[in-house]
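Asker: The residues making up each chain are set out below.
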Amino acid sequence: MGLDVGWAVRWLTLSAQAMAEHRVELIELDRPIGDSDHGENMDRGFQAVLGKLAEAPPETPGAALKLTAMTLMSKVGGAAGPLYGTAFLRAATALGDTSDVDAATLAAALQAARDGLVARGKAEPGDKTMVDAWTPAIEAAAAAAAGDGDVRKVLLAAAEAAEAGAVSTDPMLARKGRASYLGERSIGHRDPGAVSSALILRAAAEAAE
Amino acid sequence: MGLDVGWAVRWLTLSAQAMAEHRVELIELDRPIGDSDHGENMDRGFQAVLGKLAEAPPETPGAALKLTAMTLMSKVGGAAGPLYGTAFLRAATALGDTSDVDAATLAAALQAARDGLVARGKAEPGDKTMVDAWTPAIEAAAAAAAGDGDVRKVLLAAAEAAEAGAVSTDPMLARKGRASYLGERSIGHRDPGAVSSALILRAAAEAAE
Amino acid sequence: MKKLINDPKAVVDESVEGFGLAHADLVTVFPDPKYIVRKDAPVAGKVGLVSGGGSGHEPLHGGYVGKGMLDAAVPGAVFTSPTPDQILPATLAVNSGAGVVHIVKNYTGDVLNFETAAELAQAEGVDVRTVLVNDDVAVEDSLYTAGRRGVGGTVLVEKIAGAAAERGDNLEAVAAIGDRVNQNVRSMGVALTACTVPHAGVPSFELEENEIEIGIGIHGEPGRHRIPMENADGITDRLLDPVVGDLGLGSGDNVLLFVNGMGGTPQSELYIVYRRAAQKLAEKGVTVARSLVGNYITSLEMQGCSITVLRLDDELTALWDAPVHTPALRWGV
Amino acid sequence: MKKLINDPKAVVDESVEGFGLAHADLVTVFPDPKYIVRKDAPVAGKVGLVSGGGSGHEPLHGGYVGKGMLDAAVPGAVFTSPTPDQILPATLAVNSGAGVVHIVKNYTGDVLNFETAAELAQAEGVDVRTVLVNDDVAVEDSLYTAGRRGVGGTVLVEKIAGAAAERGDNLEAVAAIGDRVNQNVRSMGVALTACTVPHAGVPSFELEENEIEIGIGIHGEPGRHRIPMENADGITDRLLDPVVGDLGLGSGDNVLLFVNGMGGTPQSELYIVYRRAAQKLAEKGVTVARSLVGNYITSLEMQGCSITVLRLDDELTALWDAPVHTPALRWGV
Ligand SMILES: Nc1ncnc2c1ncn2[C@@H]1O[C@H](COP(=O)(O)OP(=O)(O)O)[C@@H](O)[C@H]1O
Ligand SMILES: Nc1ncnc2c1ncn2[C@@H]1O[C@H](COP(=O)(O)OP(=O)(O)O)[C@@H](O)[C@H]1O
Ligand SMILES: [Mg+2]
Ligand SMILES: [Mg+2]
Ligand SMILES: [Mg+2]
Ligand SMILES: [Mg+2]
Chain W
0 MGLDVGWAVR WLTLSAQAMA EHRVELIELD RPIGDSDHGE NMDRGFQAVL GKLAEAPPET
60 PGAALKLTAM TLMSKVGGAA GPLYGTAFLR AATALGDTSD VDAATLAAAL QAARDGLVAR
120 GKAEPGDKTM VDAWTPAIEA AAAAAAGDGD VRKVLLAAAE AAEAGAVSTD PMLARKGRAS
180 YLGERSIGHR DPGAVSSALI LRAAAEAAE
Chain Z
0 MGLDVGWAVR WLTLSAQAMA EHRVELIELD RPIGDSDHGE NMDRGFQAVL GKLAEAPPET
60 PGAALKLTAM TLMSKVGGAA GPLYGTAFLR AATALGDTSD VDAATLAAAL QAARDGLVAR
120 GKAEPGDKTM VDAWTPAIEA AAAAAAGDGD VRKVLLAAAE AAEAGAVSTD PMLARKGRAS
180 YLGERSIGHR DPGAVSSALI LRAAAEAAE
Chain V
0 MKKLINDPKA VVDESVEGFG LAHADLVTVF PDPKYIVRKD APVAGKVGLV SGGGSGHEPL
60 HGGYVGKGML DAAVPGAVFT SPTPDQILPA TLAVNSGAGV VHIVKNYTGD VLNFETAAEL
120 AQAEGVDVRT VLVNDDVAVE DSLYTAGRRG VGGTVLVEKI AGAAAERGDN LEAVAAIGDR
180 VNQNVRSMGV ALTACTVPHA GVPSFELEEN EIEIGIGIHG EPGRHRIPME NADGITDRLL
240 DPVVGDLGLG SGDNVLLFVN GMGGTPQSEL YIVYRRAAQK LAEKGVTVAR SLVGNYITSL
300 EMQGCSITVL RLDDELTALW DAPVHTPALR WGV
Chain P
0 MKKLINDPKA VVDESVEGFG LAHADLVTVF PDPKYIVRKD APVAGKVGLV SGGGSGHEPL
60 HGGYVGKGML DAAVPGAVFT SPTPDQILPA TLAVNSGAGV VHIVKNYTGD VLNFETAAEL
120 AQAEGVDVRT VLVNDDVAVE DSLYTAGRRG VGGTVLVEKI AGAAAERGDN LEAVAAIGDR
180 VNQNVRSMGV ALTACTVPHA GVPSFELEEN EIEIGIGIHG EPGRHRIPME NADGITDRLL
240 DPVVGDLGLG SGDNVLLFVN GMGGTPQSEL YIVYRRAAQK LAEKGVTVAR SLVGNYITSL
300 EMQGCSITVL RLDDELTALW DAPVHTPALR WGV
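Heads up: the protein sequence lines correspond to chains W, Z, V and P, in order. Sequential numbering of the first sequence, starting at 0, is according to numbering that gives the first Met the number 0. Sequential numbering of the second sequence, starting at 0, is according to numbering that gives the first Met the number 0. Sequential numbering of the third sequence, starting at 0, is according to numbering that gives the first Met the number 0. Sequential numbering of the fourth sequence, starting at 0, is according to numbering that gives the first Met the number 0.
Next comes chain W alone, as it looks inside the complex (with noise of 0.2 Å):
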């Protein structure tokens, strides 16, 4: 009925291959506010993900995401390093060694994740990050889970809340990361890390089906 270590696996491989087909598209945001890196980050990132989960098959979700969160941190640089890896350590601690995740403990996992991202980063809601991508989720997965208790729901909607999240960062003036130095100039502009984010979780929905 939940969510098992296949489905953590499949997630993180399909992640893996949204950054590699959204390398240059990720790259492409990067670089009118920001430094041209953000996909070249995120695909190294999650390739040597890959590499990790071969070598070492996790025996849990919990571990699937723990392991995922520490090449991260060690692979990823710049600013998404630090907080991809921090929110996903975040979410790994709030799955415990559980091998079958229901929809609330999802819900509670993916709010430890933005609770992560915010501790570290410090960007409020509007800021122009990848917050923008993950309070929307975070709030969507809440509603879905209080729900029917599905939890392919829970992912769906995380997933499109993500994803209208990453496009009303547009119109936002950056006040966090590189884009901030832009001030005015970032307006008009979509932030890569909430379109990463939008990926990731779109890849958990569809990891679930």
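Just so you know, the hints here were simulated from the structure itself, not pulled from any lab data. Treat the numbers as computed from the prediction; the structure is a model and nothing was measured. Ideal Cβ placement from N, Cα and C applies to all residues, glycine included. Treat the hints with care, as some may be off.
Stated by the list, open to error - Dumping the calculated SDA-like pairs for lysine to any residue here, alpha-carbon to alpha-carbon at most 20 Å:
1. W:65 x W:110
2. P:1 x V:42
3. V:8 x W:50
4. P:8 x Z:111
5. V:1 x P:170
6. V:38 x P:288
7. P:1 x V:228
8. W:121 x V:131
9. V:8 x W:19
10. V:1 x P:225
11. P:283 x V:20
12. P:8 x V:230
13. V:38 x P:331
14. W:51 x V:241
15. V:1 x P:114
16. V:1 x P:331
17. W:121 x V:143
18. P:38 x V:289
19. P:1 x V:224
20. P:279 x V:20
21. V:1 x P:213
22. V:8 x P:233
23. P:8 x Z:46
24. V:8 x W:49
25. P:1 x V:31
26. P:1 x V:202
27. Z:121 x P:114
Stated by the list, open to error - So the derived list for chain V, only partly shown, Cβ under 7 Å to chain P, looks like this:
28. 2
29. 20
30. 316
We have chain W; now place chains Z, V and P with the ligands onto it with these hints.
Answerer: Chains Z, V and P with the ligands in isolation, oriented as in the chain W frame:
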């Protein structure tokens, strides 16, 4: 009947005008087979000559050419500076302190200039240098001087031959100066020094009109 | 994009390897995780100095590893801060027991990665202090941004804190000197062209033939204002005035004037900028007591420059003059 | 053309003025006729060393004026050799009575202008010897050309002859050491982009996005072959092989390996080239005993590099290691 110091000053003034007018053309000629400075060098040098002429007006044609030689030597730099410097110095020596230059003396002075060039730069006809303008020029001048002794005809013959000589450098393979580094690739370009030489000899003819 | 590289993914690996071969007398290069350590580290009793950041700013930071400056440098991918799994072993390798100072340029990525590494090092019993460099006056509203960036001042912090460590200052003192340099140094930069990150393959921003970008950082990120091209004196004034204003410099002050090339600008042009800056400072009664002109903190092949001014006192001057022996900065030895 | 300049005609004047301001402790700049002299010249009893050439190659030659290297440098207009009226007073200013060595790169203009200046100096009673530098293996048929050009080897001739003069060698000996370096040094260069002479305003040649020019000189002149872009290792091989072949290097030889940037290439790329060159030399059993990597003889903002190899013996090595204190090269002091 002959040429006086007024002619010499007009010659140098018209040469300076020609270098200023053809500055960009000479730079452009020096670009594909040299280092894009010939027009700049010649213009700088002849502007300095104008200054010197105004400062201390020369009394004889020979003095005017000697002043020109010293100024070009100290202001032009590159290969052209010492070469033109030597040419004008030898011509000045050939003129001595005469204040009325007849056709034979004129042809001898041009010959001395060419010989100075060759002594200094060791180029032979066909090496794609200014020597390829001066050599036909002095031959034509000698032939004209042997005629009715009209200095204007001597200068006109020299100018026309120098212009044809400059054109004749087009198909040559350079063996001296910077263009020689290009080997076969120097073929098909006109030598900038041959062109500036033709401009100077044309100015000499115009000054006598 | 035409670059002297083999594979965009191998740029940092191969470049750092070549660096290690060329300077084997001064440094040891560890390839994976990648960091560069002073040959004789850890130096007994000496506070260790570690800095690092994205690659593409060479000679920063690897070029400053050696006697009198850094004990270790940690290069990330191009324009991407390094990761804790590099910073931690570098920190451990240079700790002689006297503790380690991290010199961190104020970018979100650098701050977060060094923060994590410092926590991990502390957990292993190493005392770590962090000196944050944020000297870029181009970032105005630091309350509403990630804060001022660390740019040209970083070189001066590394040199002077390095000299303090070399003379035997303790951990607190070295960090305090680093902070003091940071408080007294300001910078501002201009780009005439953008640069191309190897893995991106296209320039980081577009500039028209007659446009320049004022207030750029060092990561190929666009700056704050885009203005029509001006002459060197005009550009120099635009960079120097906010720096002087922010430092509150006036008659009687002694400074170090540092004109830095972004990587693709000829040295002759840097001296034209230096000339104007030195003249303007002299007009204000400010004495340029020390100077540095050249490519010391770059953005790949970007054309442009930055001006950095450090207010000097006797101690900072003496520490600046102290011997240094690194691949990119050397004197007195 | 976007450059940090005020007026194309004032580039050299203002740049050299800024240089003089930045390095007033080491050099004195004479503005008109223009030349740069070591602060303490003439040094009693020491042979004077003078070099010069067109501007645009900075730090060559002005950056090498100082203890242990040049006594004077004579900058011409951009890419235009200087004139005798500059070279002569520079020569007189550094003559202590022990005579003066002219270090001249083999270009028609440099040769002719230094020749004239040497004659004039001799006429004033100064003993002058000329060391001609012609290390560029890209020029093949030297019988049918102006001969091999002086390129990267010039820096090494200036350093090593400078050290010989500083230790007190007499005029013949200093010139002989200079000649010996020249005989044992070879170079070859590549351009990825052209450069723009300020007064010309357009690039000196055109290269397509996927073309490079092999065998360039240092005056923005086109090279010998134009080939499609290759990777760094391939380009390195094309430069190194003729150099090694021409020197006849083999197992047991000791060399100095010098990878030089043309002005617009990031240092990181130079180290990628260095890596390959060092590996290839090691494979041949050649020991790289000394190295130099950076922008030391440039063509304005040109992107590209040159590789120079000097066969070392014990004396040349010791002279290379001898203290030097100039704006652009400094060690041991
Ligand atoms: N303080 C922060 N809090 C949350 N997210 C941030 C913060 N700073 C930056 N980010 C995110 O990081 C992304 C940039 O990541 P990346 O390009 O990999 O790193 P860098 O900016 O160091 O080059 C931004 O698009 C933004 O979403
Ligand atoms: N050895 C030589 N003999 C005669 N003329 C020469 C010689 N070398 C070069 N030149 C002439 O000099 C011209 C180039 O002058 P210029 O561009 O001012 O000097 P540089 O080549 O030093 O840049 C050539 O076009 C050629 O006519
Ligand atoms: Mg980025
Ligand atoms: Mg020329
Ligand atoms: Mg980055
Ligand atoms: Mg020239």
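Asker: Each hint should be assessed against the structure and marked as holding or not.
Answerer: We went through each hint and held it up to the structure:
no. : hint          : verdict
1   : W:65 x W:110  : 16 Å, holds
2   : P:1 x V:42    : 47 Å, violated
3   : V:8 x W:50    : 17 Å, holds
4   : P:8 x Z:111   : 34 Å, violated
5   : V:1 x P:170   : 46 Å, violated
6   : V:38 x P:288  : 18 Å, holds
7   : P:1 x V:228   : 7 Å, holds
8   : W:121 x V:131 : 17 Å, holds
9   : V:8 x W:19    : 14 Å, holds
10  : V:1 x P:225   : 14 Å, holds
11  : P:283 x V:20  : 16 Å, holds
12  : P:8 x V:230   : 13 Å, holds
13  : V:38 x P:331  : 19 Å, holds
14  : W:51 x V:241  : 50 Å, violated
15  : V:1 x P:114   : 41 Å, violated
16  : V:1 x P:331   : 38 Å, violated
17  : W:121 x V:143 : 12 Å, holds
18  : P:38 x V:289  : 17 Å, holds
19  : P:1 x V:224   : 17 Å, holds
20  : P:279 x V:20  : 13 Å, holds
21  : V:1 x P:213   : 14 Å, holds
22  : V:8 x P:233   : 17 Å, holds
23  : P:8 x Z:46    : 13 Å, holds
24  : V:8 x W:49    : 18 Å, holds
25  : P:1 x V:31    : 41 Å, violated
26  : P:1 x V:202   : 17 Å, holds
27  : Z:121 x P:114 : 14 Å, holds
28  : 2             : 6 Å, holds
29  : 20            : 5 Å, holds
30  : 316           : 14 Å, violated
In this structure, the hints that do not hold are numbers 2, 4, 5, 14, 15, 16, 25 and 30, in rising order.
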